[in-house]
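2 protein chains.
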Amino acid sequence: MKKAIGVFDSGVGGLTVTRELIAQLPNEDIVYFGDTARVPYGIKSKETVIRFTIENILFLLKQNVKLICVACNTASSCALPVLKKNFRVPLVGVISPGAREAVYATRNKRIGVIGTKGTIKSRTYETEIRQLDPEIKITAVACPLFVPLVEEGWLEGGVVEEVARRYLEPLKKAKVDTLILGCTHYPLLKPIIRRIMGKEVTLIDSAKQVAIEVKKILDQEGLLNKNGRPQHRFYVSDNPEWFSGLAKRFLGRPVKNIKKVNNV
Amino acid sequence: MKKAIGVFDSGVGGLTVTRELIAQLPNEDIVYFGDTARVPYGIKSKETVIRFTIENILFLLKQNVKLICVACNTASSCALPVLKKNFRVPLVGVISPGAREAVYATRNKRIGVIGTKGTIKSRTYETEIRQLDPEIKITAVACPLFVPLVEEGWLEGGVVEEVARRYLEPLKKAKVDTLILGCTHYPLLKPIIRRIMGKEVTLIDSAKQVAIEVKKILDQEGLLNKNGRPQHRFYVSDNPEWFSGLAKRFLGRPVKNIKKVNNV
Chain Z
170 MKKAIGVFDS GVGGLTVTRE LIAQLPNEDI VYFGDTARVP YGIKSKETVI RFTIENILFL
230 LKQNVKLICV ACNTASSCAL PVLKKNFRVP LVGVISPGAR EAVYATRNKR IGVIGTKGTI
290 KSRTYETEIR QLDPEIKITA VACPLFVPLV EEGWLEGGVV EEVARRYLEP LKKAKVDTLI
350 LGCTHYPLLK PIIRRIMGKE VTLIDSAKQV AIEVKKILDQ EGLLNKNGRP QHRFYVSDNP
410 EWFSGLAKRF LGRPVKNIKK VNNV
Chain X
170 MKKAIGVFDS GVGGLTVTRE LIAQLPNEDI VYFGDTARVP YGIKSKETVI RFTIENILFL
230 LKQNVKLICV ACNTASSCAL PVLKKNFRVP LVGVISPGAR EAVYATRNKR IGVIGTKGTI
290 KSRTYETEIR QLDPEIKITA VACPLFVPLV EEGWLEGGVV EEVARRYLEP LKKAKVDTLI
350 LGCTHYPLLK PIIRRIMGKE VTLIDSAKQV AIEVKKILDQ EGLLNKNGRP QHRFYVSDNP
410 EWFSGLAKRF LGRPVKNIKK VNNV
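Chains Z and X, in that order, give the protein sequences.
Be aware that the first sequence starts at 170, since it is given in the working numbering, and climbs by one per residue.
Be aware that the second sequence starts at 170, since it is given in the working numbering, and climbs by one per residue.
No wet-lab data here; the hints were simulated from the structure.
Take these hints with a grain of salt, some might be off.
No copy labels: a pair is met if it fits in one copy or bridges any two.
Straight line, CA to CA, 30 Å or less: simulated BS3-like cross-link-like pairs of lysine-lysine [unchecked claim]: (1) Lys253 - Lys278; (2) Lys253 - Lys429; (3) Lys425 - Lys215; (4) Lys377 - Lys425; (5) Lys359 - Lys341; (6) Lys341 - Lys171; (7) Lys286 - Lys417; (8) Lys425 - Lys290; (9) Lys290 - Lys428.
Build the full structure now, drawing on both the sequences and the hints.
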């Protein structure tokens with residue numbers, strides 16, 4: 170039986186990664202799980218995020234997956250460093266690919282990171298970046314209002330502009346030339362972030378790099394699907410209507426057949 | 170053994186009700202549970218909020234409580250109408266007391282309600298108000314950004330002002346003379362809401378009425394504590410530090426001895 174790529178996120182954000190996976194791996198089956206009953210993860214403790222992540226991995230393993238993409242920055246940064254060696258299935262997070270791309274992109278060795286409280290507190294981006302280049306100066310800022318703003322659909326206008334100005338000020342002061350959008354919701358705020366940071370600052374949205382990494386691993390392991398009609402299945406732990414309403418904005422197309430499961 | 174009053178909320182918001190309970194019932198023991206591992210409830214489905222509410226009630230029953238106060242508008246509006254008759258312990262929600270007070274306060278029979286998506290979608294305030302006076306015109310608006318703004322501590326300034334102006338506009342247009350703050354976080358935004366709505370609009374914050382109702386029920390059932398040194402215990406399902414950091418703002422004094430439990 171053909172195995173699928175498993176993807177999970179606390180909610181809808183991981184669909185930005187799924188979009189890239191579909192683009193780069195058009196023959197692959199994908200099983201997506203959004204933990205909408207317990208969303209958001211960004212404000213929860215490391216311990217709790219680890220527990221939720223284990224439960225999500227176990228759910229996806231039951232769906233016959235060959236690789237699991239942790240398409241949530243909070244879960245990737247809080248749980249993956251601890252969990253990676255405990256599972257036989259390859260686990261691909263969103264931190265390392267973003268960190269690598271940022272190190273590659275920076276010219277002045279000043280990188281900014283924005284993310285949820287959980288992601289910033291974990292300092293995982295710092296750890297990853299310093300391993301690649303210990304000389305890089307990192308400025309990290311938590312932006313807790315960005316996720317609710319995106320989910321409310323306020324992507325432009327005075328409110329989001331002022332919120333973004335306040336959050337991004339320390340990054341402008343630090344003169345970063347590269348900014349990691351360390352949360353799967355943030356790519357939807359790219360226009361406003363670009364306007365505030367200026368065109369000369371490179372914005373790193375790890376989705377593309379994550380898909381490249383997934384492809385590389387599947388290729389190395391001989392697990393790529395060469396052909397076939399791909400199936401994309403979507404599971405949520407709550408509120409399929411809410412998920413469906415937001416999904417189009419993240420995936421770039423409507424999502425059908427969203428199934429609610431009671432696994433958590 | 171002396172029994173306590175149980176209180177639960179999805180997070181810290183219920184502390185505004187707890188504050189009133191302590192003020193009006195200074196001899197009572199209180200056991201508070203904040204479901205911070207699954208907060209917020211306001212964006213979740215009715216079915217899931219019912220499930221969480223049952224689990225929270227069962228947890229509090231194990232703590233030897235004589236009454237449970239559902240100090241969360243979303244749980245009160247989505248779950249209480251369904252659950253009320255299933256438990257022997259008295260369950261006091263925050264909807265009826267607020268609705269009653271609003272009906273009592275209005276002169277022009279136009280009442281506004283603001284709350285989370287879950288609360289507004291449930292239409293429980295409408296149902297309660299219409300039972301008391303079917304002629305009243307109700308305008309209800311969901312304000313999803315208010316909770317994250319309060320938790321970020323942005324209670325004044327340009328951002329919250331503009332967000333509030335946008336949310337409150339239909340209520341001003343509807344010329345309500347009474348506005349129910351249908352979420353335990355919203356009392357912290359009272360100054361700005363009052364400024365936008367105008368001084369002639371009565372703001373209903375149900376905490377006081379809830380405490381009066383709790384007192385009445387305990388008195389009727391002969392369950393009031395006449396004396397004794399009250400004990401206040403606080404449990405959370407995640408992140409005691411986060412809870413503690415916000416608690417002072419809601420309870421009006423620091424909270425000590427917050428215990429993390431793994432019940433959910």
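Here's how the hints hold up against the structure:
no.: 1; hint: Lys253 - Lys278; verdict: within (29 Å within a copy, 60 Å between copies)
no.: 2; hint: Lys253 - Lys429; verdict: both (27 Å within a copy, 26 Å between copies)
no.: 3; hint: Lys425 - Lys215; verdict: between (33 Å within a copy, 22 Å between copies)
no.: 4; hint: Lys377 - Lys425; verdict: within (24 Å within a copy, 46 Å between copies)
no.: 5; hint: Lys359 - Lys341; verdict: within (16 Å within a copy, 34 Å between copies)
no.: 6; hint: Lys341 - Lys171; verdict: neither (48 Å within a copy, 58 Å between copies)
no.: 7; hint: Lys286 - Lys417; verdict: both (26 Å within a copy, 20 Å between copies)
no.: 8; hint: Lys425 - Lys290; verdict: between (36 Å within a copy, 23 Å between copies)
no.: 9; hint: Lys290 - Lys428; verdict: between (33 Å within a copy, 22 Å between copies)
When held up to the earlier numbered hints, the structure conflicts with hint 6 and nothing else.
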